[in-house]
Amino acid sequence: MAPLLDNPNDAVLPDFRTADHTTARARLVANSVGNDAQAAELLATLWTLNNNTARELWAEQIEEAARDAKEQTIADEQEAAHKEEQKKNKSKFVPVGNSKVPSIPVIILSHYAVQKLKAGEYCELYYFTNKG
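Reminder that position 38 of the sequence shown reads as 38 in the UniProt record's numbering, one-by-one numbering, no gaps.
None of these hints come from the bench; they were simulated from the model.
Quantities reported herein were computed from a predicted structural model and do not represent experimental measurements.
One or more of the hints may lead you astray.
As the list claims (entries may be wrong) - When the alpha-carbon atoms are kept at most 35 Å apart in a straight line, the in silico DSBU-like pairs for lysine-lysine are as follows:
#1 Lys-100 with Lys-131
#2 Lys-100 with Lys-87
#3 Lys-100 with Lys-90
#4 Lys-70 with Lys-88
#5 Lys-100 with Lys-118
#6 Lys-116 with Lys-131
#7 Lys-131 with Lys-87
#8 Lys-88 with Lys-116
#9 Lys-118 with Lys-131
#10 Lys-90 with Lys-131
#11 Lys-88 with Lys-100
#12 Lys-100 with Lys-116
#13 Lys-70 with Lys-83
#14 Lys-70 with Lys-90
#15 Lys-92 with Lys-70
#16 Lys-70 with Lys-87
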């Protein structure tokens, strides 16, 4: 059902005895309801029943809006906590690439070999292995 735009709790029962409602009363009298007073009373009863239904729908709509707001607040808090966790532990959330695991061992040069290369001096081949 479409959401209600106006609060039916604020609605005031119209006076169905006025000239504005003459045609509605005349149709009811023509359909053997009785006289104008009974037709006005019937219109007031129908309006009250419709207003009570609208009040129930309004209450459900308010509850649903409150429930949605609460769920949104919880979701926002969880998202903020997740972002805070990402800020604190950046290394935990680093994306992992789709590269394969190396099948050959990685050769790490010793500090001694690096210094010799920087100085442009002779360095034995042994220092370019993982054992050296």
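For each hint, the structure was consulted:
no., hint, result
1, Lys-100 with Lys-131, "holds, 25 Å"
2, Lys-100 with Lys-87, "holds, 28 Å"
3, Lys-100 with Lys-90, "holds, 23 Å"
4, Lys-70 with Lys-88, "holds, 27 Å"
5, Lys-100 with Lys-118, "holds, 32 Å"
6, Lys-116 with Lys-131, "holds, 17 Å"
7, Lys-131 with Lys-87, "violated, 39 Å"
8, Lys-88 with Lys-116, "violated, 40 Å"
9, Lys-118 with Lys-131, "holds, 21 Å"
10, Lys-90 with Lys-131, "holds, 34 Å"
11, Lys-88 with Lys-100, "holds, 29 Å"
12, Lys-100 with Lys-116, "holds, 33 Å"
13, Lys-70 with Lys-83, "holds, 20 Å"
14, Lys-70 with Lys-90, "holds, 30 Å"
15, Lys-92 with Lys-70, "holds, 30 Å"
16, Lys-70 with Lys-87, "holds, 26 Å"
Violated hints for the displayed structure, listed by number in ascending order: 7, 8.
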